[in-house]
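Asks: Given chain A, put chain B in place with the hints provided.
For reference, the chains in residue letters:
Number of protein chains: 2
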Amino acid sequence: MSKKPSIPKGTRDFGPKQMVRRNYIFSNIKETFQKFGYLPLETPTMENLSTLTGKYGDEGDQLLFKVLNSGDFLSKRGKTLVGEQELEKGYKHVTPIISEKGLRYDLTVPFARYVVMNRNDISFPFKRYQIQPVWRADRPQRGRYREFYQCDADVVGTKSLICEAEIVLMITEVFGKLGIEDYSIKINNRKILSGITEVIGAKGHETDLCVAIDKLDKIGEDKVLEELTEKGFSDEAIENLRPILHPSGSSKERLARMEEFLTSSETGLKGIEETRKVYDYVAGFGLENAKLEFDMTLARGLNYYTGAIFEVKVNNVSIGSVSGGGRYDDLTGVFGLPDVPGVGFSFGVDRIYDVMEELELFPEQHQDSTKVMICNFDEESERYSLKVLSSLRQANINAEIYPDQAKMKKQMTFANNKEIPFVLMVGSQEMASGKLTLKDMKSGEQEGLSVEELIEKLK
Amino acid sequence: MSKKPSIPKGTRDFGPKQMVRRNYIFSNIKETFQKFGYLPLETPTMENLSTLTGKYGDEGDQLLFKVLNSGDFLSKRGKTLVGEQELEKGYKHVTPIISEKGLRYDLTVPFARYVVMNRNDISFPFKRYQIQPVWRADRPQRGRYREFYQCDADVVGTKSLICEAEIVLMITEVFGKLGIEDYSIKINNRKILSGITEVIGAKGHETDLCVAIDKLDKIGEDKVLEELTEKGFSDEAIENLRPILHPSGSSKERLARMEEFLTSSETGLKGIEETRKVYDYVAGFGLENAKLEFDMTLARGLNYYTGAIFEVKVNNVSIGSVSGGGRYDDLTGVFGLPDVPGVGFSFGVDRIYDVMEELELFPEQHQDSTKVMICNFDEESERYSLKVLSSLRQANINAEIYPDQAKMKKQMTFANNKEIPFVLMVGSQEMASGKLTLKDMKSGEQEGLSVEELIEKLK
Numbered sequence: 454m455s456k457k458p459s460i461p462k463g464t465r466d467f468g469p470k471q472m473v474r475r476n477y478i479f480s481n482i483k484e485t486f487q488k489f490g491y492l493p494l495e496t497p498t499m500e501n502l503s504t505l506t507g508k509y510g511d512e513g514d515q516l517l518f519k520v521l522n523s524g525d526f527l528s529k530r531g532k533t534l535v536g537e538q539e540l541e542k543g544y545k546h547v548t549p550i551i552s553e554k555g556l557r558y559d560l561t562v563p564f565a566r567y568v569v570m571n572r573n574d575i576s577f578p579f580k581r582y583q584i585q586p587v588w589r590a591d592r593p594q595r596g597r598y599r600e601f602y603q604c605d606a607d608v609v610g611t612k613s614l615i616c617e618a619e620i621v622l623m624i625t626e627v628f629g630k631l632g633i634e635d636y637s638i639k640i641n642n643r644k645i646l647s648g649i650t651e652v653i654g655a656k657g658h659e660t661d662l663c664v665a666i667d668k669l670d671k672i673g674e675d676k677v678l679e680e681l682t683e684k685g686f687s688d689e690a691i692e693n694l695r696p697i698l699h700p701s702g703s704s705k706e707r708l709a710r711m712e713e714f715l716t717s718s719e720t721g722l723k724g725i726e727e728t729r730k731v732y733d734y735v736a737g738f739g740l741e742n743a744k745l746e747f748d749m750t751l752a753r754g755l756n757y758y759t760g761a762i763f764e765v766k767v768n769n770v771s772i773g774s775v776s777g778g779g780r781y782d783d784l785t786g787v788f789g790l791p792d793v794p795g796v797g798f799s800f801g802v803d804r805i806y807d808v809m810e811e812l813e814l815f816p817e818q819h820q821d822s823t824k825v826m827i828c829n830f831d832e833e834s835e836r837y838s839l840k841v842l843s844s845l846r847q848a849n850i851n852a853e854i855y856p857d858q859a860k861m862k863k864q865m866t867f868a869n870n871k872e873i874p875f876v877l878m879v880g881s882q883e884m885a886s887g888k889l890t891l892k893d894m895k896s897g898e899q900e901g902l903s904v905e906e907l908i909e910k911l912k
Numbered sequence: 454m455s456k457k458p459s460i461p462k463g464t465r466d467f468g469p470k471q472m473v474r475r476n477y478i479f480s481n482i483k484e485t486f487q488k489f490g491y492l493p494l495e496t497p498t499m500e501n502l503s504t505l506t507g508k509y510g511d512e513g514d515q516l517l518f519k520v521l522n523s524g525d526f527l528s529k530r531g532k533t534l535v536g537e538q539e540l541e542k543g544y545k546h547v548t549p550i551i552s553e554k555g556l557r558y559d560l561t562v563p564f565a566r567y568v569v570m571n572r573n574d575i576s577f578p579f580k581r582y583q584i585q586p587v588w589r590a591d592r593p594q595r596g597r598y599r600e601f602y603q604c605d606a607d608v609v610g611t612k613s614l615i616c617e618a619e620i621v622l623m624i625t626e627v628f629g630k631l632g633i634e635d636y637s638i639k640i641n642n643r644k645i646l647s648g649i650t651e652v653i654g655a656k657g658h659e660t661d662l663c664v665a666i667d668k669l670d671k672i673g674e675d676k677v678l679e680e681l682t683e684k685g686f687s688d689e690a691i692e693n694l695r696p697i698l699h700p701s702g703s704s705k706e707r708l709a710r711m712e713e714f715l716t717s718s719e720t721g722l723k724g725i726e727e728t729r730k731v732y733d734y735v736a737g738f739g740l741e742n743a744k745l746e747f748d749m750t751l752a753r754g755l756n757y758y759t760g761a762i763f764e765v766k767v768n769n770v771s772i773g774s775v776s777g778g779g780r781y782d783d784l785t786g787v788f789g790l791p792d793v794p795g796v797g798f799s800f801g802v803d804r805i806y807d808v809m810e811e812l813e814l815f816p817e818q819h820q821d822s823t824k825v826m827i828c829n830f831d832e833e834s835e836r837y838s839l840k841v842l843s844s845l846r847q848a849n850i851n852a853e854i855y856p857d858q859a860k861m862k863k864q865m866t867f868a869n870n871k872e873i874p875f876v877l878m879v880g881s882q883e884m885a886s887g888k889l890t891l892k893d894m895k896s897g898e899q900e901g902l903s904v905e906e907l908i909e910k911l912k
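Sequence order for the protein chains is A and B. Using the working numbering, the first residue of the first sequence is number 454, and each one after it goes up by one. Using the working numbering, the first residue of the second sequence is number 454, and each one after it goes up by one.
Isolated chain A (complex conformation):
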């Protein structure tokens, strides 16, 4: 029997204080998604390994958490499944025999799997959001966990750039609600990046370019160009690339310069056109103050993007990118259903949480928390208090009574620790007068209030 319980490394408990704050973020995001016609989806924690394997590259395959088949895997149907011979063939041979299921690695592959399985029942364009944990057997470190929530919205079955514009609107609304003001929504387009490779004479090397450019912030220009040289980019190509690595001026000016740069690339110009259209739609929605910033050095790691790509960066905090997404041409081809285009976006909730903590943006009092605690003096006071408690709750005020007739100090400490903003005292005087004593735990001020006045004040 374990006397000192612990949790697996890289995982976390979320206690009440954190949960109330996390739920504050989640519910603002959910409300916004729903306001834009996105509806929730949940998929199982375990997926068949055949669904997951090969979708995240070799590295991803190794980071999958695999679940042991239930029952006695050594002697299924009276036969030894794993023996000396199998073991000699090694890990890769044995694992599929003893494990057929894995934990969800992201929300995109399960979503694609869901769309394919339900294609006949889904009305396209299909807008879904999904907020669920995912698991990665990564080496845990500060800010990187083995279990964490993803918070995705995707629309599939349409190429309309209204969807891109609505992503910008949703980000603006969520960040506005959360009180995050100093941020930018960077936008680029994979067609522009393709166009750049064409123009600099490195056509077909989009992936290398994206992978390298994606690190610009982290490793700097010189190392990025070094990497490209290693990948076989010519000196000329690199000299052509250099001037556009440092975008300046307004988005409009940047787009104009990039258009000029891409004159010879049809694909590149299409990317410019799409980006302009997104700007037009955003303005068409009447959003004047969108913090949308065209940045031709934004690349994003994932290689399934084919159109617009987004990333949100909060300025003046230690954490940079907090959200991202983009358009893809073919979400479900890997499961045998080709030509399902769409665009998706993911809020990085852990990072948004950290940003809000750093900027002290969480409200002092949360709607979900207890608003008032009634002290428990003696039996008579308790009896009187239960009725008061019922009245408060009927008025939808979160309220509780200290359940035991403990010492005052203990009860007050409890209220303090639980960050309950008000405490109500119902002594003999209060019962006689009908004016109950309400104490503001922050200011220490007390006032006498009838139940009706109390409800009015706390509502």
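Derived by calculation from the structure, the hints in this document are not laboratory data. All clues stand as given, with none of them false.
Where chains are identical, the list cannot tell them apart; a pair therefore holds if satisfied intra-copy or between any two copies.
EDC-like, lysine to aspartate or glutamate: derived pairs with alpha carbons at most 16 Å apart:
no.: 1; residue 1: 470; residue 2: 574
no.: 2; residue 1: 470; residue 2: 810
no.: 3; residue 1: 840; residue 2: 733
no.: 4; residue 1: 684; residue 2: 659
no.: 5; residue 1: 730; residue 2: 833
no.: 6; residue 1: 462; residue 2: 553
no.: 7; residue 1: 723; residue 2: 713
no.: 8; residue 1: 730; residue 2: 857
no.: 9; residue 1: 888; residue 2: 900
no.: 10; residue 1: 656; residue 2: 719
Replies: Chain B only, in chain A's frame:
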């Protein structure tokens, strides 16, 4: 590459329609928990097997889903961990070598583990609710899944029976909000069951009595008594037991009769006293119409209960028990922290869902769903519509535009399938007059409304 993806047996996808309904249940429960001062907790999906093993009996241990250690478990640190010798010793010997983590089996053990790990930071009495999935490698069958949500509220660190009464209040509030009217909250007390064994001369055989009586509904009186005989209950004990197996009359009458029956048992009388006190508290809260029913044949399977036990049954539906709980003396002793008493309760959300579907209690329109869709005719209409859409959303109305200029029929079918109650049409006439055409998708009626009128109507 799999062409026909599937999900593991016993697991489920929850599409938007189900999710909206499930969230309707969850949010009513959450609001109620919070109104009573319960705050959320979330624990990791994976727990160390040392935390889980031995807590659910032998059967439970076999139903744990185990997660393979990450990396190459066959040759850690250059050494073969699982070889011929290990295999010969069998499954039970090999599993701990290749797996150290398992999926959460319930919410109670992780809660106990959390309390012990955080005992110095928690202010007791600690009220937490927890709504998360759990996993059991059970044989899947109708209504039994390998992944399902539990929805628990527990308060630990107090023996106050106010908590029991508040459980009754919370159940009443949740069922009231959901529109479930014909149900009963059965209550009994383990001390009464202990008392009964004393009185009939079978002291010390509480567990056998509970396990047998728990099946009264399913297998009937004769089989229950047969089982008790097999367990060694004397004929006399069984004759003494028979008259109390069929409770009748009001709860007050039943309590009085049981008190008489238990005259010789101090423990039994204590159970009667506690039960009466719960009734008193419920009345003290002013809840006149509590559907609380004292039922001395209620036993509940789990053997850690020591005081009040509860079960909620919905009448006139195919599913019986939908929720249950009870008081325990020692939640955390197994993790080395003795004497933490508490009382907990669990809503069976899957079953409540099925009951609501059977009784057709889900609202036709859900707050989370899209309220109105704007048709997309042409570029001019689209441009005009984006502004309308923004106004609707600013008024917190869930609204969307069909993103492509598709055929009317296709757009209407989409709205119909998504069960969007209103469709807005913005043609040239509408733009000229400023009166937009709103179609009620159910009645088919149309009316011309200004944007302000539209908002007023849809709010």
